[in-house]
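Based on the hints, put chain B in the right spot on chain A.
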Amino acid sequence: MRSFLSRTAAMALVFAAAGGLLACSADTSKQTASAPAAKTTAVAKDAVYAPRQLTMRRLSGEQYQNVIHDVFGPTIELGGRFEPDLRVNGLLAVGSGDVSITAAGIEQYDLMARRIASQIVDEKRRDMMLRCKPANVAAADDACAAQVMARVGRILYRRPLTQTELQAYVTAANVGAVKTKSFYSGLSLSLAAMLSSPKFLFRTETAEPDPDHAGGWRLDAYSKAQQLSFFLWNSGPDQLLLDAAESGKLNTKKGVAEQVERMIASPRLEEGVRAFFIDDFGFDQFETLTKDTTLFPKFSAQAAADAQEQTLRTVVDLLIKNKGDYRDIFTTKKTFITQELGAIYKIPVVDTLPNGAPDTWQAYQFPADDPRGGILTQVAFTALHSPPGRGSPTLRGKALREVLLCQKVPAPPANVKFDIVQDTNNPLYKTARDRLNAHATNPVCAGCHKIIDPIGLALENFDGAGAYRTTEQGARIDTSGSLDGVNFTTAAELGKAVHDNPNTPSCLVSRLSAYALGRPVQEAAWLEDLNKRFAAYGYQVPALMREIAESDNFFAVKPVETKAADAAAVPAKEAR
Amino acid sequence: MYDLVTKKLASRRNILRGTAYGAAFSVGVPFLDCFLDGHGTALAATGAALPVCFGTWYQGLGFNPGRWIPSTVGAGFKNNVELKVFDPFRDKMNVISGTKYFLDGRPLETHTTGWQIASMGAIPVGVNTGPSLDSQIADVIGTRTRFRSIEVSIGGGRQSFSKRAGSATNPSEPSPASLYTRIFGPEFKDPNAAAFTPDAMTVARDSVLSAVKDERRELMKAVGAADKARLEEYFSSVRQLENQLSLEMQKPDPLPACTVPGTVEATKDGPDVPDAEKNAKIFGRLMAHALACGQTRVVNVMLGSNGLHSVGSQQTWHSLTHEEPVDDKLGYQPEVTWFINWANARFVEFLKELDSVKEGQGTVLDRMAILWQTDHSYARTHTMDALPIMTAGKAGGRLKTGMHISLPGDPATRLGLTMQQMMGVPLKTWGALSNETSKTVTELLA
Numbered sequence: 054m055r056s057f058l059s060r061t062a063a064m065a066l067v068f069a070a071a072g073g074l075l076a077c078s079a080d081t082s083k084q085t086a087s088a089p090a091a092k093t094t095a096v097a098k099d100a101v102y103a104p105r106q107l108t109m110r111r112l113s114g115e116q117y118q119n120v121i122h123d124v125f126g127p128t129i130e131l132g133g134r135f136e137p138d139l140r141v142n143g144l145l146a147v148g149s150g151d152v153s154i155t156a157a158g159i160e161q162y163d164l165m166a167r168r169i170a171s172q173i174v175d176e177k178r179r180d181m182m183l184r185c186k187p188a189n190v191a192a193a194d195d196a197c198a199a200q201v202m203a204r205v206g207r208i209l210y211r212r213p214l215t216q217t218e219l220q221a222y223v224t225a226a227n228v229g230a231v232k233t234k235s236f237y238s239g240l241s242l243s244l245a246a247m248l249s250s251p252k253f254l255f256r257t258e259t260a261e262p263d264p265d266h267a268g269g270w271r272l273d274a275y276s277k278a279q280q281l282s283f284f285l286w287n288s289g290p291d292q293l294l295l296d297a298a299e300s301g302k303l304n305t306k307k308g309v310a311e312q313v314e315r316m317i318a319s320p321r322l323e324e325g326v327r328a329f330f331i332d333d334f335g336f337d338q339f340e341t342l343t344k345d346t347t348l349f350p351k352f353s354a355q356a357a358a359d360a361q362e363q364t365l366r367t368v369v370d371l372l373i374k375n376k377g378d379y380r381d382i383f384t385t386k387k388t389f390i391t392q393e394l395g396a397i398y399k400i401p402v403v404d405t406l407p408n409g410a411p412d413t414w415q416a417y418q419f420p421a422d423d424p425r426g427g428i429l430t431q432v433a434f435t436a437l438h439s440p441p442g443r444g445s446p447t448l449r450g451k452a453l454r455e456v457l458l459c460q461k462v463p464a465p466p467a468n469v470k471f472d473i474v475q476d477t478n479n480p481l482y483k484t485a486r487d488r489l490n491a492h493a494t495n496p497v498c499a500g501c502h503k504i505i506d507p508i509g510l511a512l513e514n515f516d517g518a519g520a521y522r523t524t525e526q527g528a529r530i531d532t533s534g535s536l537d538g539v540n541f542t543t544a545a546e547l548g549k550a551v552h553d554n555p556n557t558p559s560c561l562v563s564r565l566s567a568y569a570l571g572r573p574v575q576e577a578a579w580l581e582d583l584n585k586r587f588a589a590y591g592y593q594v595p596a597l598m599r600e601i602a603e604s605d606n607f608f609a610v611k612p613v614e615t616k617a618a619d620a621a622a623v624p625a626k627e628a629r
Numbered sequence: 031m032y033d034l035v036t037k038k039l040a041s042r043r044n045i046l047r048g049t050a051y052g053a054a055f056s057v058g059v060p061f062l063d064c065f066l067d068g069h070g071t072a073l074a075a076t077g078a079a080l081p082v083c084f085g086t087w088y089q090g091l092g093f094n095p096g097r098w099i100p101s102t103v104g105a106g107f108k109n110n111v112e113l114k115v116f117d118p119f120r121d122k123m124n125v126i127s128g129t130k131y132f133l134d135g136r137p138l139e140t141h142t143t144g145w146q147i148a149s150m151g152a153i154p155v156g157v158n159t160g161p162s163l164d165s166q167i168a169d170v171i172g173t174r175t176r177f178r179s180i181e182v183s184i185g186g187g188r189q190s191f192s193k194r195a196g197s198a199t200n201p202s203e204p205s206p207a208s209l210y211t212r213i214f215g216p217e218f219k220d221p222n223a224a225a226f227t228p229d230a231m232t233v234a235r236d237s238v239l240s241a242v243k244d245e246r247r248e249l250m251k252a253v254g255a256a257d258k259a260r261l262e263e264y265f266s267s268v269r270q271l272e273n274q275l276s277l278e279m280q281k282p283d284p285l286p287a288c289t290v291p292g293t294v295e296a297t298k299d300g301p302d303v304p305d306a307e308k309n310a311k312i313f314g315r316l317m318a319h320a321l322a323c324g325q326t327r328v329v330n331v332m333l334g335s336n337g338l339h340s341v342g343s344q345q346t347w348h349s350l351t352h353e354e355p356v357d358d359k360l361g362y363q364p365e366v367t368w369f370i371n372w373a374n375a376r377f378v379e380f381l382k383e384l385d386s387v388k389e390g391q392g393t394v395l396d397r398m399a400i401l402w403q404t405d406h407s408y409a410r411t412h413t414m415d416a417l418p419i420m421t422a423g424k425a426g427g428r429l430k431t432g433m434h435i436s437l438p439g440d441p442a443t444r445l446g447l448t449m450q451q452m453m454g455v456p457l458k459t460w461g462a463l464s465n466e467t468s469k470t471v472t473e474l475l476a
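Line by line, the protein sequences give chains A and B.
If you read the first sequence in my numbering, its first letter stands for residue 54, the second for the next number, and so on.
If you read the second sequence in my numbering, its first letter stands for residue 31, the second for the next number, and so on.
Here chain A stands alone, though its shape is the one from the complex:
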């Protein structure tokens, strides 16, 4: 534990310093000019008040890993596999409030927990990790077990353990020690039991009456702490945040604002922003994405991994490092590239590392007249929304509508023949556009294809693995079309049209707030308020995250059924 504590303390200093620097170097014109404006446009607080149900969200695999690495250091190996996540309302973060843990899942959690715990008590690590030593290594030791379990428990449970809880883990460590005749084996089993406890694996919440909203409820301070840290850092609260909960600071607006500022200024914000975009862009689907290697020999597993990383780096660089405008992710010419990706992009990437060394990332800027620009033209988007053997204007158009513009595209009707779309030998229909046009003469299909195809066809210059092409079967590819009344002729112009579409920022507001709260936000007044603030901040995503994190709604919960409410609020309070 020593290493963890000292590491946290050290990091806290770094964060504080970084926070200061960032605050100074920030684009002050934007910050100072628009921030007060945003504050003054705030609607009366009751008009936007939108309490939610208490939720119980299962930790994602990333969150589990982040917590373990925060507590025990990044060298701990997990070596297990997580349960598949569930996408609800377009987000895994929302689905996390609906999933449970199956028998196959608990086997994996148990296996991981035992592996992690045995690494912690391993002879090489134990002196560094644990602050105490047992009087006798071959016997139980109450005091040392209690000290370790209380410290680890506060981080894993994201609140102090109750006396009963601590006693259970000390007993567990003791019986384990007696049966194995080893203090460390017993401690390791007790740690493993905590790591597969539902109190660790699920983020439960505790409510208390909200003095700011008569008759209303809010999260208690520890529940606030975890809500903040999982949203902003995609990990559990650190010691400073738990301290703020313990001291009651998180029950004041000022205290919350202080913590939010600190967390947004921290380099760990990047982890939080990445986690959101991985969920938002559906990058989990890369796990099952395959490309036919005979048709797309350059699309290796490494290329697929690099493609995701490229988009994430583009987004993080623009949104966090450069405090840029969210809408620019659809037009930016700046990106990052590896040798592996260079092969697909047909860009020579010189890497001086020896063969077999991991790819290194290099900043790259596409020339102004290059057809590439913005994330829609990157391999991660074009390849992810394509079947194994070819590109698909329909899948790409659908993803753009649903994920980036928040417009639902209905499922295709039954009893439709698709023969013509497939028949690539028909000399009349050489390109995907020809085939889709022929298919869309069917009025049942035409309605939807009209809104999907023109934007998908604009990306037809990129094949099923994202490589650039100008012809299909010898016929020139026509990439012109229109998006909600705005005409374009190239993919770059499509990017500009998406950039300028009013649904683009409001869709992000809607998805980011749903991600933060774990439920779709349907309260129009609050969304409108957030949209205004987002615009006032020049569409800066960290600013939007701060607005969400500092809003009352982030912590406001509905009065729960009486019995559950009592149970939720009372015992936890008393026990602490």
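Derived from the structure by calculation, the hints contain no laboratory data.
It is possible that some hints are incorrect.
[Stated by the list, open to error] Once the Cα atoms are required to be at most 16 Å apart in a straight line, the calculated EDC-like pairs of lysine to aspartate or glutamate come out as: (1) A:K483 / A:E525; (2) A:K252 / B:E262; (3) A:K611 / A:D195; (4) B:K298 / A:D195; (5) B:K281 / B:E262; (6) A:K461 / B:E139; (7) A:K252 / B:D244; (8) A:K611 / A:E581; (9) A:K503 / A:E455; (10) A:K232 / B:E295; (11) A:K611 / A:D263; (12) A:K232 / B:E262; (13) A:K252 / B:E248; (14) A:K234 / B:D121; (15) B:K382 / B:D121; (16) A:K234 / A:D195; (17) A:K611 / A:E340.
Only a predicted model underlies this, so the values are computations on that prediction, with no experimental measurement involved.
Only chain B this time, still in chain A's reference frame:
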């Protein structure tokens, strides 16, 4: 409780008589199994009957109309061209034609709705789906084995139609090597090993789990009703873990047919046909061994039909069903039909593996019931009627076989109901709205 079950179960005297024989029932077989298993082969060592097992095989995208329904009904039918490959097993199988999935005005989510009705008997509202039929069965026959059920997918990643209450999906294992480690890895206790010493670490793990049981359980008091159901599922999963530990601490009863398969090398587990074919073969072998070694009694196989893909083709099986033209001369889509034949060959191969493990006079397949279902009868136009359904195995004598049964217009859920009742799930009816049925397919009951 349903007649069949009552008839065979009701006799309390039988239970008492059974227990009077003592050893006969200490085999780790629930009473229910022993009773229902009147026709099963007995274990030489103890005289107790081998338990029945259950399996599902989900193969999407249906068959070609006119190419699979046998021309005659009842026993002695001849397999139609697409099912010819099943001829060697005809007398251990049934073909059921004519049933439907009912939408009741709900939108058709193609390739999803059919599965939901097939596996859960209903189209779920929202994300909280009920348990699937295999889970219901596993809760009856799978509570005393190391694994309540085992799910694998052939080229379908971790997708699975095996659902438990509380929105929990039993994920499929896509990799045969991982499945091997899970079943036959270091924690496997060979039932036929001469010596047995309980592992001190296992004993300690068991005690530690007991020590934190109440502490974990406490959380139930702090959550609302919906989350309680999710936690119940978690605790039910923990019980399997506890059960595994307690089994590891006892000397297992010998199972003469149990042999440990050779180690499995890591393979690629994507949807490319050559990989899927290789993995299907290994999965079949591992599951046959797992069943023979008493590690589980429920296996669920999901053939990842939609994404399956031949190397060098621009199309997946699913996209072909919609986009490949029907060949004028043949009258069907040739590439799609290639996939149907390929998938059927995988199912036959699976049956062969199960049938190759001899147990006394019978085989593992003989004490199994496998339910084969699909999402659409004709994928090209997403039809939901005239569905093909098959069963394989004799369920230890409970399931009559060798028939083509035609049930025109009936809900497909009749088969799900029948299978659950046959396995001892106390159900009178199953399914919702028009998919609800109380009509057991009595022709299938021995």
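Evaluated hints:
| no. | hint | in the structure |
| --- | --- | --- |
| 1 | A:K483 / A:E525 | 7 Å, holds |
| 2 | A:K252 / B:E262 | 14 Å, holds |
| 3 | A:K611 / A:D195 | 42 Å, violated |
| 4 | B:K298 / A:D195 | 49 Å, violated |
| 5 | B:K281 / B:E262 | 30 Å, violated |
| 6 | A:K461 / B:E139 | 14 Å, holds |
| 7 | A:K252 / B:D244 | 12 Å, holds |
| 8 | A:K611 / A:E581 | 21 Å, violated |
| 9 | A:K503 / A:E455 | 15 Å, holds |
| 10 | A:K232 / B:E295 | 36 Å, violated |
| 11 | A:K611 / A:D263 | 10 Å, holds |
| 12 | A:K232 / B:E262 | 30 Å, violated |
| 13 | A:K252 / B:E248 | 10 Å, holds |
| 14 | A:K234 / B:D121 | 58 Å, violated |
| 15 | B:K382 / B:D121 | 14 Å, holds |
| 16 | A:K234 / A:D195 | 15 Å, holds |
| 17 | A:K611 / A:E340 | 37 Å, violated |
Going through the hint list in order, the structure does not satisfy hints 3, 4, 5, 8, 10, 12, 14, 17.
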